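Add chain B to chain A, keeping to what the hints say.
Residues per chain are reported as follows:
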Amino acid sequence: MSDGASGYGNAGYDEWRNALGDGEGYALVCPDGHGSLPPRRVCPECGSTSLPREPLPAVGTIETATVVHVPPPRFADDAPYVTAIARFGPVRLTGVLRGVDPEDGSGPVGRSVESNVGERETDGGSVVVFRPAEK
Amino acid sequence: MTEVRVAGVGLTRFGSHPERTGRDLFAEAAASAFADADVDPTAVGELNYGNFMGSLAEHQGHQAPLMAEAAGLACPATRYEEACASAGVAVREGVRTVRSGEADVVLAGGMERMTNLDTDGATEGLAIAADDLFEVRAGMTFPGAYALMARAYFERYGGTREDLAHIASKNHENALPNEYAQYRREVSIEEALDSPPVASPLHLYDACPITDGASAIVIVSADYAEEHDLDASVAVTGTGQGADRMALADRDHFARTPAATDAATMAYDDADIGPDDVDVAEVHDCFTIAEVLAIESLGFAEAGEGIRAARDGLTTADGDLPVNLSGGLKAKGHPVGATGGSQIAELTRLLRGDHPNSGRVPDAEVGVAHNAGGTVASAVVHVLEVAE
Chain A
1 MSDGASGYGN AGYDEWRNAL GDGEGYALVC PDGHGSLPPR RVCPECGSTS LPREPLPAVG
61 TIETATVVHV PPPRFADDAP YVTAIARFGP VRLTGVLRGV DPEDGSGPVG RSVESNVGER
121 ETDGGSVVVF RPAEK
Chain B
1 MTEVRVAGVG LTRFGSHPER TGRDLFAEAA ASAFADADVD PTAVGELNYG NFMGSLAEHQ
61 GHQAPLMAEA AGLACPATRY EEACASAGVA VREGVRTVRS GEADVVLAGG MERMTNLDTD
121 GATEGLAIAA DDLFEVRAGM TFPGAYALMA RAYFERYGGT REDLAHIASK NHENALPNEY
181 AQYRREVSIE EALDSPPVAS PLHLYDACPI TDGASAIVIV SADYAEEHDL DASVAVTGTG
241 QGADRMALAD RDHFARTPAA TDAATMAYDD ADIGPDDVDV AEVHDCFTIA EVLAIESLGF
301 AEAGEGIRAA RDGLTTADGD LPVNLSGGLK AKGHPVGATG GSQIAELTRL LRGDHPNSGR
361 VPDAEVGVAH NAGGTVASAV VHVLEVAE
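Protein sequence lines correspond, in order, to chains A and B.
So in UniProt numbering, spot 110 of the first sequence is number 110, and the numbers just go up one at a time.
So in UniProt numbering, spot 241 of the second sequence is number 241, and the numbers just go up one at a time.
Think of the hints as simulated: they come from the structure by calculation, not from any bench.
Treat the numbers as computed from the prediction; the structure is a model and nothing was measured.
One or more hints might be untrue.
Unchecked claim - Derived Cβ-Cβ restraints for the label pairs, each shown as a range:
1. 118(A) with 59(B): 30 to 36 Å
2. 101(A) with 359(B): 47 to 53 Å
3. 40(A) with 320(B): 44 to 50 Å
4. 33(A) with 304(B): 27 to 33 Å
5. 125(A) with 21(B): 32 to 38 Å
6. 101(A) with 193(B): 19 to 25 Å
7. 45(A) with 45(B): 37 to 43 Å
Unchecked claim - Which stretches of chain A does chain B cover? Using the computed rule of at least three CB atoms under 8 Å from a CB of chain B, they are:
8. 56-67
9. 89-103
For glycine and all other residues, C-beta sits at the position ideal for the given N, C-alpha and C.
Excised from the complex, chain A in its bound form:
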């Protein structure tokens, strides 16, 4: 699951992304309810060192999105694609929105989505993906 040239992964992050891909995504949530994503040793909002995992809600809501026409090299064959930020309970995730027409002028903000992990078309690398939630 590594993207690094060295072949080494990123401990904490890889585990989180694999869990998301298995439908078992989670956030770290401190006793005050601040959500964050791993790896973390302290809550970035309040400094708490108590960061138990909480399952992510199955459905999130897109808060902002863009259709990327000029891609980075790793996404060359994926363009145009939609990058979106969606809220899932205590955290927001950044990912690629699939299952919609990128050129659809109505815009995806406010849409309900599910999160998963997919492959980049360009090189098969892993990427966080959103898909419209089944009604």
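Chain B in isolation, oriented as in the chain A frame:
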């Protein structure tokens, strides 16, 4: 506290210089600053140098001593990296060093070499200013990140691509007489609107170009200026810096930049002024929407109203508060690690009266520079005032 003056400023012409080394670019800017200041390089007590992606673009780390050598300095040298705010931070550290009395003369500025990379290389280089694990791997590009902010702004407050096009058009017009600018040509509203999409709603003419260039500022104590009979009529009276969560997804708002608000508050308090006192500003318009967010954070417009400022004429050259009379990053160019110093150089020239656009602000006494890193996870604000 020691009063700080700008004794001299130097810039290379911003543009495409793919064959020129970073050390040559910075040496040119430094020599120009020393000539402007009438200060000898041997007087410099410290070099504070900004650079962002030189490790990628030139395969050159440890750049500060290299640049000190290129500029003819024999003094401690430190490189500052804060993405697009690298030189702003370098200037701020120079101001603090002179204020503390640790040095009477500091050379601050920065350099970026970018056009020797192909488009993929430049895109990848710029992307490292974002969170690699949670943003870059999710396909977020630098324009894509600002596009997410623009979309959120439009959803929250309203606004159109045409509003943004007015900012691009204004800044291109401002760059026309600026001999240091990369693009000295007009861009009409229609031309901006018709340019190809990069990341919706942003199109090509919403974005700053890829640029090579360097900036250098000779910062001195007021006492040193007086003792050496220097013509240093512009003072740095305020400096401030702010920070925010790295990833856009972790911010409270996508359509606001609180790091810049914090930096502005700190700088205004430091200078004992308020936003109403400001006569002219250079702000970090890496994308047109960034100018909107900047002027709102600086207190020149209420949240949700900055989008109209260029279109309504508030920030145009003949407006009440001209913004980016240099042409801004948009038209003057954005050599990332040099930009924060370039803004101080342009503002100094505007306040001294020797900028080609000084005639637009003949009575200006207070100027503000706003320099931002990444999606404004870092921000630096400086206040410059005519001292004599």
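To see whether the hints hold, each was checked on the structure:
1. 118(A) with 59(B): 30 to 36 Å: 34 Å, holds
2. 101(A) with 359(B): 47 to 53 Å: 51 Å, holds
3. 40(A) with 320(B): 44 to 50 Å: The hinted range 44 to 50 Å holds for residue 40(A) and residue 320(B), with Cβ atoms some 46 Å apart.
4. 33(A) with 304(B): 27 to 33 Å: Holds: the Cβ-Cβ distance is about 29 Å, inside 27 to 33 Å.
5. 125(A) with 21(B): 32 to 38 Å: 34 Å, holds
6. 101(A) with 193(B): 19 to 25 Å: 23 Å, holds
7. 45(A) with 45(B): 37 to 43 Å: 40 Å, holds
8. 56-67: That given contact holds, which follows from 5 residues of the stretch 56-67 of chain A lying within Cβ reach (below 8 Å) of chain B.
9. 89-103: n = 6 at 8 Å, threshold three: holds.
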